[in-house]
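Undergrad: Using the hints provided, position chain B relative to the given structure of chain A.
Residue numbers (my numbering), protein chains in the order written: chain A, 110 to 283; chain B, 64 to 243.
Hints were generated in silico from the structure; no laboratory data involved.
Relax, there's no trap hidden among the hints.
Calculated pairs, SDA-like style, for lysine to any residue (alpha carbon to alpha carbon, straight line, at most 20 Å):
1. A:Lys132 <-> B:Asp211
2. A:Lys132 <-> B:Pro212
3. A:Lys250 <-> B:Arg125
4. A:Lys249 <-> A:Gly223
5. A:Lys250 <-> A:Gly216
6. A:Lys250 <-> B:Gly155
7. A:Lys249 <-> A:Thr283
8. A:Lys210 <-> A:Ser232
9. A:Lys249 <-> B:Ala120
10. A:Lys250 <-> B:Ala160
11. A:Lys132 <-> B:Ser101
12. A:Lys132 <-> B:Thr189
13. A:Lys132 <-> B:Cys202
14. A:Lys199 <-> A:Thr277
15. A:Lys249 <-> B:Ser162
16. A:Lys250 <-> B:Thr231
17. A:Lys132 <-> B:Thr235
18. A:Lys250 <-> A:Ile148
19. A:Lys199 <-> A:Asp166
20. A:Lys249 <-> B:Phe121
21. A:Lys132 <-> B:Thr172
22. A:Lys250 <-> B:Ser116
23. A:Lys132 <-> B:Ser214
24. A:Lys132 <-> B:Asp129
25. A:Lys249 <-> B:Gly155
26. A:Lys132 <-> B:Leu128
27. A:Lys132 <-> B:Ser141
28. A:Lys132 <-> B:Thr243
29. A:Lys132 <-> B:Thr239
If you only want the chain A side, here are some residues facing chain B, beta carbon under 7 Å, derived:
30. Gln130
31. Thr135
32. Thr137
33. Ser139
34. Leu140
35. Thr141
36. Val142
37. Glu145
38. Lys176
39. Arg178
Backbone N, C-alpha and C fix where the C-beta goes; we use that ideal spot for every residue, glycine too.
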Amino acid sequence: MKKYLLVLLAIALFTTAAFAQQKTGTTTISLTVGPEAWISVPSSTPLLNAGSDFTVDYVGTTAIAYKVRTTTSGSITFKAAEFDVTGGPKIASPVAGDELKYTSVVGGTSVGTGVTTAANVTSTSTDYPVVTFGANASSKKAGDGTTVNWTLPNDPQYKTGAYSSIVTFTISAT
Amino acid sequence: MSSARLRRFAVSIGVSLFGLMGSLHAQTATQTASIQLSPAAMIIVPATVTLVSSGSAFSAFRGSLDLNFMVRTSPVGSGSLTVQATQFAPTGGPSIAGSNLTYTCSAATVGSACSSVTPTSLTTTTATPVVNAIGASTCTGSGCAGSDPQSVHIDFSLINSPQFSTGTYTSTLTFTISAT
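Only chain A is shown next, with the shape it has when bound in the complex:
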């Protein structure tokens, strides 16, 4: 009787296994990754004078975060609007020696090449380079960074008061 039941059970299991069905279907998932760029800049950068006389320039630093992926090239540039109040520093046609100057330093492991030699900002219509990217450049997934260091001479001719200029940064990738 016991043997009979075992045989019966084996047959039942075999029958169940034989009935199991499995079917498959496939799909190809695809995407095209293109050049792309993203930038984040602080809303303001104060230029401060640490001295009490005219021997120390106004200085400030703008920290920029960016992500970039290029096929051929890319860049970060900025354009500076004229200072909002007259009687102080000027972007366009400043007195010789009073030019706003800048350099840019790309972070240690960040992608891109900065501007190491101080350059004058003397136009409100020029796109000034901050970082340039070569072909197949890619930032880290979390993003890379650069700092722009500003220097503005402290001219006794400037009237006292607060002055501001809107600087617009643009990142591009192709």
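TA: Then chain B, alone, in the frame of chain A:
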């Protein structure tokens, strides 16, 4: 022939005809047709799914598909639907092994869909669930409860890393439906 014999003959013919007609109307034939229905399954998958990044820079690549399937389980059986991926090709772009591609499920017409909230990562080594717990005695089609065909909606999301080189990348997803 006398009239009495003629009457008996006519009655005899009438009885015979009646008997014949009666026997024609009474004839029946019975046959038992039987069929053994085993567990079965079928799946219909679109040939391609395109993932697209839209909106802000480096936003995720997204895409979706509706998977149609038919399934029949035995009174003591069950069913399930799973998916497994191959690595993206060519190299230099997204990676399945790096858990770059995830999916969520919704609107399963039978069984329990995978989470619609917590994404599931696709892998190249393990089949991950799309629909689980397709119950016993489930069937699809005329006479069955539910949809015909059954279906489930899948949303894919792929991270958009700056580290990916520009180009076009593909991966093959294999969906497997099982029924017992």
